[in-house]
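Peer 1: Each chain, letter by letter, is given below.
Number of protein chains: 2
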Amino acid sequence: MDKRQQLMSELMDLCNEIIWRNKPEVELALKDYKLSEIELIENIALIPDANVTKLAAASYMTRGAISKLTKKLIAKNIIESYQSVENKKEIYFRLTTHGQKINDIHKELHQSFLKRDEEVFKHMTDEEFDTIFRFIGRYRHHLKNITE
Amino acid sequence: MDKRQQLMSELMDLCNEIIWRNKPEVELALKDYKLSEIELIENIALIPDANVTKLAAASYMTRGAISKLTKKLIAKNIIESYQSVENKKEIYFRLTTHGQKINDIHKELHQSFLKRDEEVFKHMTDEEFDTIFRFIGRYRHHLKNITE
DNA sequence: GTTTTATTGTTGACGAGGAAACAATAAAGA
DNA sequence: TCTTTATTGTTTCCTCGTCAACAATAAAAC
Chain U
1 MDKRQQLMSE LMDLCNEIIW RNKPEVELAL KDYKLSEIEL IENIALIPDA NVTKLAAASY
61 MTRGAISKLT KKLIAKNIIE SYQSVENKKE IYFRLTTHGQ KINDIHKELH QSFLKRDEEV
121 FKHMTDEEFD TIFRFIGRYR HHLKNITE
Chain L
1 MDKRQQLMSE LMDLCNEIIW RNKPEVELAL KDYKLSEIEL IENIALIPDA NVTKLAAASY
61 MTRGAISKLT KKLIAKNIIE SYQSVENKKE IYFRLTTHGQ KINDIHKELH QSFLKRDEEV
121 FKHMTDEEFD TIFRFIGRYR HHLKNITE
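Those sequence lines, one after another, are chains U and L.
In terms of the numbering used here, the first sequence has 41 at position 41, counting the first letter as 1, and numbering is strictly consecutive.
In terms of the numbering used here, the second sequence has 103 at position 103, counting the first letter as 1, and numbering is strictly consecutive.
Calculated directly from the structure, the hints in this document are not laboratory data.
Remember, it's a predicted structure, so these values are computed and weren't measured experimentally.
Don't take every hint at face value.
Same chains, same names: a pair is fine if it fits in one copy or spans any two.
To be verified - Below, a list of computed lysine to any residue pairs in the SDA-like style, where the Cα atoms sit at most 25 Å apart:
1. K115 - N145
2. K115 - R4
3. K144 - Q5
4. K34 - M61
Hey, can you work out the whole structure from these sequences and the hints?
Peer 2: This is the structure:
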């Protein structure tokens with residue numbers, strides 16, 4: 001098979017495998033929340049003045065889905081919304097202190113996954129890291145280029 | 001941020017981006033089929049004597065989901081089922097000639113994506129390819145190890 | 001300023017897929 | 001052999017996310 005195609009195929013498979021493997025552990029540690037909610041919390045923490053549109057783009061979901069998810073998270077008192085005075089259309093979100101706690105637990109989980117998988121990274125040189133980073137960067141840059 | 005964590009995060013993001021980008025093109029070229037059906041067809045072509053259980057594992061979906069999908073594909077005359085004489089429990093699937101055509105179109109689409117993205121691969125050395133392959137292989141091997 | 005056009009978030013109908021319970025068959029153990 | 005346990009595929013119920021239409025607001029065009 002084509003080397004490039006095999007690379008992409010194995011890459012996709014690896015990502016699926018990791019998600020599939022980690023998902024139950026995350027949902028066990030944060031029992032009252034679904035993975036999609038937890039990831040949305042993560043994005044709200046990362047994106048300044050996150051609104052539905054930005055979150056949809058970051059989550060690879062539709063605005064409709066994010067709109068419903070944010071409603072649910074507000075009802076659970078995990079996030080809160082606010083608006084600016086000069087724009088009555090956009091609605092922004094931020095974490096409540098409760099939401100921050102959940103995000104912290106989630107971050108710790110990610111650390112524990114790295115610990116669990118440290119064997120994979122242990123023997124990698126800086127050069128190898130950079131090779132993969134360059135590949136990812138080049139691909140994302142390329143996709144951005146051909147999109148606009 | 002931790003280098004390893006950033007690597008995994010960017011990797012996941014790249015995969016999502018590619019899926020998000022390619023999906024509409026695939027569903028446009030194969031108008032009557034959803035992406036999940038097309039990927040199932042691909043797996044049935046790849047896996048010898050594919051049954052619900054093997055397909056579920058390969059697709060990262062539940063057996064229930066695959067059971068429904070195969071029913072749909074049989075109704076559309078894209079796949080057919082068969083059984084062995086020495087096992088009355090397992091049900092295997094294979095592509096019809098119609099299904100093979102769809103799979104061929106899908107394979108051509110993948111080729112066209114590689115063509116579109118050739119700029120990304122053009123400057124990669126064999127050593128760089130191998131570095132990424134090794135990383136993927138090591139990770140998948142590790143996950144397999146800690147699973148059983 | 002006024003009128004278009006684009007963008008925002010929301011909603012309801014719908015389909016896709018997961019969870020869990022199930023019957024049928026195979027494999028393992030006695 | 002006979003019994004128990006595991007695995008197969010299926011089905012029902014339910015949740016999640018998409019799609020498409022929508023009203024509200026902002027931006028652009030004039």
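Peer 1: Could you tell me which of the hints above the structure violates, numbers in ascending order?
Peer 2: none
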